[in-house]
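Given next are the chains, with one letter for each unit.
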Amino acid sequence: MSTHGNPIPLDEPVVVVIGSGAGGGTVAHDLATEGVKVVVLEAGPYLTADDYTNDEWPAFNQMAWLDMRTTSGSYRVARDFPNLPAWIVKAVGGTTTHWAGATPRFMAHEFAARSTYGEVEGANLLDWPITLEDLEPWYDRAEKAMGSSHRHGRPPMPANNNYTVFANGAERAGYRYYATGPYATNAEPYDGRPATVQDGFNFQGDKSGAKWSTLVREIPRALESGNAELRPLCQAVGITHGSDGRADAVEYLDADGNLHRQAARAVCVAGNSIETPRLLLMSDSPSHPDGLANSSGQVGRNYMRHLTGSAYARFEQPVRMYRGETMAGIIADEAVHDPSRGFVGGYYMETLSLGPAFLASFIEPGSWGREFTRLMDAYANTAGMWLVGEDMPQESNRITLDPDVTDQWGLPAPHVHFDDHPNDIAMRRHAYRAADTVYRAAGAVGVHHTPPYPATHNLGTCRMAADAADGPLNEWGQAHDVPNLFVADGSVMTTGGAANPTLTIVALAMRQADHVRELLRTGEL
Amino acid sequence: MADKDSATIKRDTSSALRGGPATLTPRQRQILVRVLRLAYPHDSFPDGPYERTADAVVEATADDRRLAATLGPDLDMLDTISDGDFLGASDETATLLLREYADEPYFRQIRGVAVVALYDDREVWELLGYEGPSFDQGGYLHRGFDDLDWLPEARITEYDGEPRTELRDVEEQR
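Order-wise, the sequence lines are chains A and B.
The opening residue of the first sequence carries number 1 in the numbering used here; numbering runs sequentially from there.
The opening residue of the second sequence carries number 1001 in the numbering used here; numbering runs sequentially from there.
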């Protein structure tokens, strides 16, 4: 088994972090660099810049989480991509190695969704146990760590062609709050990493290192501290606990399928919003019959995937949207709560580009004939944007263990059930119209509305709740039922907000790591 | 446990049986190429990309023994329903026939492979005006990432006027 960093014995109880992405990588870094011993278990391989390829399908097959998953529900992904509910990464650095880079913060009212929006039928809304004010110091730290443009003295990204179309349309449509960020890629060298070369490959892994990820920042620094060991190709399959009710070890399979057991002083789960609840559900025991830390019954529930939708506009002249930073363009004017629009919550518009290989699969899944090929024929003259907004948590949208289908290890595959809430549908319709307005103002001859594709933002399935009856985690992402068990990924989010979640995941992970160190200092862990 | 209502769509594709690829007659192969051209008609594309896509479709049948066995006969059917000559039918007529067969499993599977293979073809990228890998050439920093000249230069900094309103008229509407 190939590992990295200082070896830590299996029987030494340390902090075990499961997952090395935005949440896990950050927690591991913040603990290890402050003297706390950490073992990081990562299900995927250790890929680095030289491994990445500027080619969409090979990159997808190299990086994406492709283990068996099943789906159901009325959402279109269950029909178009029945075994791919989420497009996330299985590799060291997790999904930060293919994220686009947009870093807006959540708005104050989004931490109080239940109080602000009131009762929304069918939605399981809840206020977060923390406020924006509580999180602000960690937002500052996260933005500095990630090098967000437009923040803390970091310069703005220059405009690429896709942005020039997007921003001109925004201005002419009467929008004001548009810019090329905040965006966590270097416009100029920063933090030991170079400036972007505008190569246009974000979702395929960044070969230059200009884009922040835990692969290029937190993981190497954690390993250099001498206090961390990273074990790639190790899939956690169970968390065990002692008679005192505390987690005492993590069981995992190595690349050859051999079972190991790492003793744990504390466990931090950060496997993204599908694997995290799956692991807790698989870790049931006589004292946790419905899954570990699941006395609330909310583990796996309230799965959110953000509004999502895209708009691709055709122009009479070349755009070449694929040149340059993919998502360095944000319009925030619609990220407001304005019930007069017919829905609660808000959304952002952000530039987006796909190459022909991916655009063909995602622009209108299943479509063929002239109605399809005219979209592809216009490729060089096409501009693209993504629509990302708050979707409603619903108890019935959930991750369960599939009773019939197993993964390559013979373990129950995660099953994802999702139905759109009427609020999601109303917001998406509004967002498509807004995209039409922006692009028509810039001179578009046609705008195609692309339906939601496999989720890149997966949230809410282990939510933080002030009251243990409402969710499995407290305000620190610490399990109400198991005091030395933590969760540090998007699944902790009480509600989803409109913003791309990575910045908030990192800020929450930093805050959690500070709390863990305090508990270690006082002997509570 | 997973919900099991009648609206449930759940497919497990992991158990399809692998075998050898389909063996097509020259006629069946020609029909397949025509199907691909009608399904993804691009006036600017020569035959090469469609031929290579047909190769990919045949190769993919190795993942599914049932499809490998039925692809040839299903393609023969297109001749049968077009008075014996699918290749001789007009584009319009042939496309209408395919519309009727749109939900046939074989045609769905052909499209599923073709939409990936055709648009992952280097010649197709060139025809569509896509330049492919760029990092080895220094990205687009000095190769036109900002060369759009038919619109004015846009502001890249954030708006410096009054801050954005995040909550609008909520009290009034309650």
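These are calculated hints, taken from the structure and not from any lab test.
Predicted model only: the values in this text are computed from it and were never measured.
Treat the hints with care, as some may be off.
Unchecked claim - These stretches of chain A come out as covered by chain B in the derived footprint (C-beta under 8 Å, 3 or more residues):
1. 107 to 114
2. 298 to 305
3. 312 to 324
4. 335 to 345
5. 363 to 371
6. 375 to 382
7. 426 to 437
Cβ atoms here follow ideal geometry from the backbone N, Cα and C, with glycine treated the same way.
For each hint, the structure was consulted:
no.	hint	in the structure
1	107 to 114	holds (count 3)
2	298 to 305	violated (count 0)
3	312 to 324	holds (count 7)
4	335 to 345	holds (count 6)
5	363 to 371	holds (count 4)
6	375 to 382	holds (count 4)
7	426 to 437	violated (count 0)
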